[in-house]
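The chain contents come next:
6 protein chains.
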Amino acid sequence: MTELRIDGRTPDKLRPVTFERGWSKQAEGSCLVSFGDTKVLCTASFTNGVPRWMAGKGKGWVTAEYSMLPRATNSRTDRESVKGKVGGRTHEISRLIGRSLRAVVDMKALGENTIVIDCDVLQADGGTRTAAITGAYLALAEALEWGRERKFIAQKATPLLDSLAAVSVGIIDGVPMLDLAYTEDVRAGTDMNVVATGSGTFVEVQGTAEGAPFDRAELDGLLDLAIAGTNSLTELQRQALAR
Amino acid sequence: MTELRIDGRTPDKLRPVTFERGWSKQAEGSCLVSFGDTKVLCTASFTNGVPRWMAGKGKGWVTAEYSMLPRATNSRTDRESVKGKVGGRTHEISRLIGRSLRAVVDMKALGENTIVIDCDVLQADGGTRTAAITGAYLALAEALEWGRERKFIAQKATPLLDSLAAVSVGIIDGVPMLDLAYTEDVRAGTDMNVVATGSGTFVEVQGTAEGAPFDRAELDGLLDLAIAGTNSLTELQRQALAR
Amino acid sequence: MTELRIDGRTPDKLRPVTFERGWSKQAEGSCLVSFGDTKVLCTASFTNGVPRWMAGKGKGWVTAEYSMLPRATNSRTDRESVKGKVGGRTHEISRLIGRSLRAVVDMKALGENTIVIDCDVLQADGGTRTAAITGAYLALAEALEWGRERKFIAQKATPLLDSLAAVSVGIIDGVPMLDLAYTEDVRAGTDMNVVATGSGTFVEVQGTAEGAPFDRAELDGLLDLAIAGTNSLTELQRQALAR
Amino acid sequence: MTELRIDGRTPDKLRPVTFERGWSKQAEGSCLVSFGDTKVLCTASFTNGVPRWMAGKGKGWVTAEYSMLPRATNSRTDRESVKGKVGGRTHEISRLIGRSLRAVVDMKALGENTIVIDCDVLQADGGTRTAAITGAYLALAEALEWGRERKFIAQKATPLLDSLAAVSVGIIDGVPMLDLAYTEDVRAGTDMNVVATGSGTFVEVQGTAEGAPFDRAELDGLLDLAIAGTNSLTELQRQALAR
Amino acid sequence: MTELRIDGRTPDKLRPVTFERGWSKQAEGSCLVSFGDTKVLCTASFTNGVPRWMAGKGKGWVTAEYSMLPRATNSRTDRESVKGKVGGRTHEISRLIGRSLRAVVDMKALGENTIVIDCDVLQADGGTRTAAITGAYLALAEALEWGRERKFIAQKATPLLDSLAAVSVGIIDGVPMLDLAYTEDVRAGTDMNVVATGSGTFVEVQGTAEGAPFDRAELDGLLDLAIAGTNSLTELQRQALAR
Amino acid sequence: MTELRIDGRTPDKLRPVTFERGWSKQAEGSCLVSFGDTKVLCTASFTNGVPRWMAGKGKGWVTAEYSMLPRATNSRTDRESVKGKVGGRTHEISRLIGRSLRAVVDMKALGENTIVIDCDVLQADGGTRTAAITGAYLALAEALEWGRERKFIAQKATPLLDSLAAVSVGIIDGVPMLDLAYTEDVRAGTDMNVVATGSGTFVEVQGTAEGAPFDRAELDGLLDLAIAGTNSLTELQRQALAR
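Protein chains in written order, with full-length UniProt numbering: chain A, 1 to 243; chain B, 1 to 243; chain C, 1 to 243; chain D, 1 to 243; chain E, 1 to 243; chain F, 1 to 243.
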């Protein structure tokens with residue numbers, strides 16, 4: 001019997017997931033996350049204060065930037081700094097990460113502080129945006145803790161409303177599968193990224209027909225699989241934060 | 001009794017939709033589409049031949065660019081040409097339109113021809129990307145007809161696999177609503193754009209929690225509403241093409 | 001007898017000119033102007049206040065930006081936003097429009113208010129810059145009225161010193177002609193754009209030998225024709241404002 | 001009696017004009033031109049061959065680039081290379097110089113050769129574009145001679161149809177004046193640049209009302225003055241070429 | 001007695017140096033190098049063939065790009081991709097790394113192959129350019145081996161002429177010190193980077209007076225210290241390659 | 001016997017050096033420097049005040065920008081303003097000039113004043129960066145004198161700590177040579193630029209192996225030759241300042 005997936009996983013299994021918290025000596029929060037061979041360094045930079053246009057409203061701001069090292073991928077890609085512009089895909093993912101993180105932060109409770117999350121893909125093997133979001137949550141949690149210890153955040157405030165995790169799902173040869181590696185992603189007819197809270201509610205759902213359009217039943221199957229995946233990631237995040 | 005919506009629509013109604021086909025004397029296909037006060041000029045540029053890196057494979061290419069005039073919106077936005085870079089939102093929508101259109105085109109049947117769809121928002125009142133996709137389909141259909149008449153496309157080929165329409169849906173004060181105008185969009189807690197085929201299958205589903213995360217039941221309600229909306233748009237497109 | 005011009009006009013006739021005032025629901029002033037198949041959407045954005053470097057002098061500012069949609073022309077042109085820079089021709093025309101409009105505005109009477117005129121060419125068939133100036137004057141007039149109604153401009157102030165119109169003239173096969181369409185423009189040996197006030201004085205005169213240099217007699221003939229043309233446009237503007 | 005002009009000139013006099021031919025050891029043609037304190041280094045780069053899109057038509061191409069050193073002016077201007085974009089004024093003048101030079105070159109006689117003229121303003125005191133054109137003509141003439149000696153241009157071909165010179169004129173306090181220095185230019189109500197051939201015909205006429213619009217009589221007066229000025233420059237160019 | 005250096009090193013000691021060879025699963029050669037808390041990921045991308053302008057000469061090319069993650073440093077730096085341009089320091093270091101590597105490669109022996117070395121600083125604590133060069137050499141060596149195994153490089157060819165290592169030295173309070181950490185670098189009056197071969201000859205010497213100019217005796221002292229440092233690094237590289 | 005150098009110089013001789021002080025009527029300090037056929041226009045722009053981020057510290061700032069005219073070199077180079085970015089080499093040299101000048105300026109004595117030095121290469125024949133530094137020193141000295149006369153600099157302050165000169169040296173066919181012309185520079189195996197004070201101490205030493213790495217003895221020989229060269233330049237600068 002041939003295996004469905006190159007690494008022997010069943011369709012509903014995540015790849016091995018690891019979180020290396022506190023990877024950076026420089027950042028206020030950091031996490032080197034890996035989903036199989038996908039490795040993303042997430043750092044959180046905490047600044048007391050907000051941009052001038054936001055000042056005086058008692059609210060903070062969280063934003064994110066995503067990027068890939070030129071040789072994270074199988075063949076080298078030119079640097080966006082050298083090309084002089086940020087590509088559409090990079091823009092799109094940076095916006096997704098920032099928007100997702102803001103959904104679990106109470107900006108009033110954060111107070112007038114700014115957190116920038118940088119997600120740099122050191123090695124890419126599919127699912128870089130979902131690994132980035134899942135790791136970014138841990139870097140964010142560390143940075144919030146750092147801010148609380150230094151009293152930039154009020155002791156009674158609870159800026160984190162929930163935890164956040166993300167996973168990709170897709171349909172390959174008719175079978176819905178969880179957490180696609182690059183070679184699987186290429187073959188998937190439908191591709192979906194789901195960002196969910198620790199409570200199992202949706203923050204973002206993005207499904208795309210790469211090949212044939214998909215019907216409601218397929219969509220439902222993918223959503224079931226995705227929520228099971230983010231639930232597992234939530235548990236792994238809980239363990240990482242407990243260390 | 002107060003009205004739910006500023007223009008008196010029921011939650012499941014589209015705004016008045018019009019298609020002005022053949023608006024441009026210059027383009028091979030064109031349509032000025034309006035969804036209420038949102039007006040988008042869609043033009044299709046047909047070129048015989050494909051970029052060098054695609055040549056010799058017997059396949060064509062369809063791509064799209066979206067942009068907004070600086071005073072399409074209520075306050076003026078600086079031009080991206082003057083700023084010297086395309087913004088993230090613009091990039092994201094251009095990619096969405098191109099990807100969606102490609103889902104209903106058989107590239108083999110198109111043959112080695114390139115179609116570029118430009119969607120320029122002349123006036124914006126919410127739902128610009130969904131109006132753009134819905135109008136772009138008509139411009140594309142015209143351009144394909146133009147190509148067939150000039151024998152750039154084989155007589156027996158049927159490059160269009162299906163029709164394509166898109167609509168936005170959102171939850172406002174707990175009520176799912178169809179085709180949000182700008183003031184509604186701003187108030188929506190959850191915001192979703194759905195691109196669907198004339199057969200009622202999904203090409204793209206993008207749901208975002210602008211406020212609180214949403215649950216499965218809310219997601220299901222929005223999908224129901226969206227499909228009803230795209231079905232109505234499909235019928236209007238059919239009438240426009242029949243004229 | 002063969003016709004001199006493709007559309008049967010005599011050399012001294014304008015193409016059909018229309019002004020669709022108040023086209024935009026968003027802008028403080030707007031006009032969709034057409035000179036034959038050339039269509040330009042002109043919007044005026046009125047802002048109370050001036051840039052910091054001008055503040056405190058009791059004077060206002062008027063500026064303009066011109067741009068063409070990528071498929072306004074017969075073959076598609078790449079977007080300047082995508083190329084990352086504004087081209088020389090675009091710069092040149094934007095500067096011409098702004099300079100011309102400022103010649104009929106009393107900046108003291110305008111007070112510390114800023115007006116930005118955007119001229120976006122939706123369809124191009126020659127004479128886009130002259131159509132833009134002629135339509136921009138109407139958008140400007142509307143925006144000044146808007147500012148006066150909201151008391152941003154003093155009731156007694158008369159910021160508009162005169163009306164403004166522009167037209168192109170050229171010599172084709174030895175015959176001076178008014179308001180050249182694109183195919184005529186290409187054939188013209190000498191090409192001139194004239195911007196004039198309602199009183200018939202010159203604001204800008206730009207004559208260029210595309211082929212052989214021109215002599216004083218030819219220059220004089222072109223100026224006569226141009227002033228006759230701007231006088232007709234002035235009358236059409238007067239009627240449009242009276243509606 | 002007070003002098004009309006700061007340097008004691010009568011209204012119809014040029015400033016002292018000098019041409020330093022062959023200034024550059026590197027370029028195929030060069031001239032350091034000065035109109036009073038305005039100094040422009042003009043170099044002509046001759047390349048055998050034309051850009052690919054022009055090849056095979058037996059015709060050449062002439063183009064120009066204008067730029068100012070950052071401290072050519074009284075206060076320092078940021079470099080366009082550092083700002084990352086070429087400004088509108090620079091673009092406009094580069095296009096003017098190139099267009100003007102092409103008006104006196106027979107592209108067929110030039111053959112498939114390309115000449116790029118660089119006009120770099122080393123010191124600016126008004127009239128930089130007219131000095132640039134006048135000096136550029138000499139650099140061009142040298143480069144054509146260079147090309148003929150090396151047989152890139154046929155012995156019997158006469159690519160230069162005429163000579164070319166340019167001068168500014170303006171109305172200051174009601175008096176038309178020739179060749180404005182910077183302090184005069186600032187005061188001028190109407191400002192005109194005229195490019196003319198050695199035979200006294202017009203190549204380019206650009207008149208702008210900086211203050212009040214101008215009438216036909218003023219325009220005529222300025223044209224008379226300008227042609228007298230370019231005639232004098234033509235004579236000085238003839239002498240410089242004879243050396 | 002107080003310690004001279006924050007980490008207790010004597011002036012002539014390197015920080016702990018580690019080389020993690022083969023870090024990347026994607027690149028043809030890679031090394032994660034650390035000099036104390038400075039960590040640089042070096043990847044080598046091997047391409048069979050050379051850019052068109054170099055083709056047909058039987059020679060290869062080696063080039064390098066250096067960059068820093070935004071939060072590699074103590075406070076966050078804006079991304080160069082977002083700013084739209086590569087900064088002077090980045091350019092300068094990229095050029096230094098490429099030039100240095102080329103000094104130990106025989107381009108004829110490499111044959112028509114291209115190697116691009118990317119050095120991305122994941123964490124910065126002084127000496128990032130010297131760590132980058134020292135690690136880049138190992139990535140280069142791996143990539144050359146990869147190319148030889150796939151026969152892109154002739155079996156008898158020996159493209160690597162020597163090994164390459166680099167170290168920084170500086171004078172702090174009058175004492176010459178080896179391999180400066182960031183806090184030391186800031187205090188150094190004179191700062192020098194030396195790139196040397198395994199044989200102990202110089203490839204690049206860059207000494208800069210940050211404070212007072214330095215004399216010949218100080219220069220000599222720094223060079224002695226640097227060569228001792230690169231000799232130690234050479235030995236560590238030899239061990240890493242032997243693993 | 002054949003001559004070692006194309007212009008008959010002995011290896012330890014400078015090319016003819018001239019300084020044209022006060023070349024610019026616009027700048028506060030200026031010098032047109034030539035080293036043989038290399039000609040660089042250096043202007044110093046003195047501004048009372050410092051950038052906002054430096055204000056209130058009682059210290060000044062000196063910075064520099066280097067650029068080459070497109071046809072300074074034997075074949076034309078595209079303008080960096082047109083390419084939209086400053087190249088690595090330009091950046092590197094601008095930084096070198098600024099850093100070198102700052103080494104001989106006491107920023108406290110300068111007070112809150114800013115000096116920008118522009119070095120524009122009008123003609124290039126090797127050694128442009130060393131000629132630029134040597135001329136920039138004279139422009140700087142003039143601008144400081146200008147600032148003192150206008151009392152922007154305190155009468156007792158001596159912001160200039162020393163004079164500054166720079167020269168290139170290189171090894172050609174085994175012979176160390178001073179002040180390389182372009183054709184020599186191309187042949188040099190090792191290339192070094194040395195910036196030194198009038199007292200003979202080093203401000204910057206940059207040696208690069210273009211071919212084979214160099215040993216300590218070669219390095220020592222080059223340094224000897226360079227210091228002799230900068231000493232001669234110091235003497236010529238002294239004479240120029242005395243005029």
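Just so you know, these hints were derived from the structure itself, not from any lab.
Some hints here could point you the wrong way.
Heads up, the list lumps identical chains together, so a pair's fine if it works in one copy or across two of them.
Under the rule of at most 25 Å between Cα atoms (straight-line distance), these lysine to any residue pairs were calculated in the SDA-like manner [to be verified]:
1) Lys25 x Asp37
2) Lys83 x Gly200
3) Lys83 x Thr63
4) Lys156 x Asp220
5) Lys85 x Ser75
Tested hints:
Taking identical chains as interchangeable, the C-alpha atoms of Lys25 and Asp37 lie at most 25 Å apart whether they share a chain (24 Å) or sit on different chains (8 Å). When the C-alpha separation of Lys83 and Gly200 is checked against a cutoff of 25 Å, the pair qualifies neither within a copy, at 40 Å, nor between copies, at 38 Å. Taking the shortest alpha-carbon separations for Lys83 and Thr63, both the intra-copy value of 24 Å and the inter-copy value of 16 Å come in at or below 25 Å. Taking CA atoms no more than 25 Å apart as the test, Lys156 paired with Asp220 passes in neither setting, with 40 Å inside one copy and 37 Å between copies.
Taking the shortest alpha-carbon separations for Lys85 and Ser75, both the intra-copy value of 20 Å and the inter-copy value of 23 Å come in at or below 25 Å.
In the structure shown, a violation is registered for the earlier hints numbered 2, 4, in ascending order.
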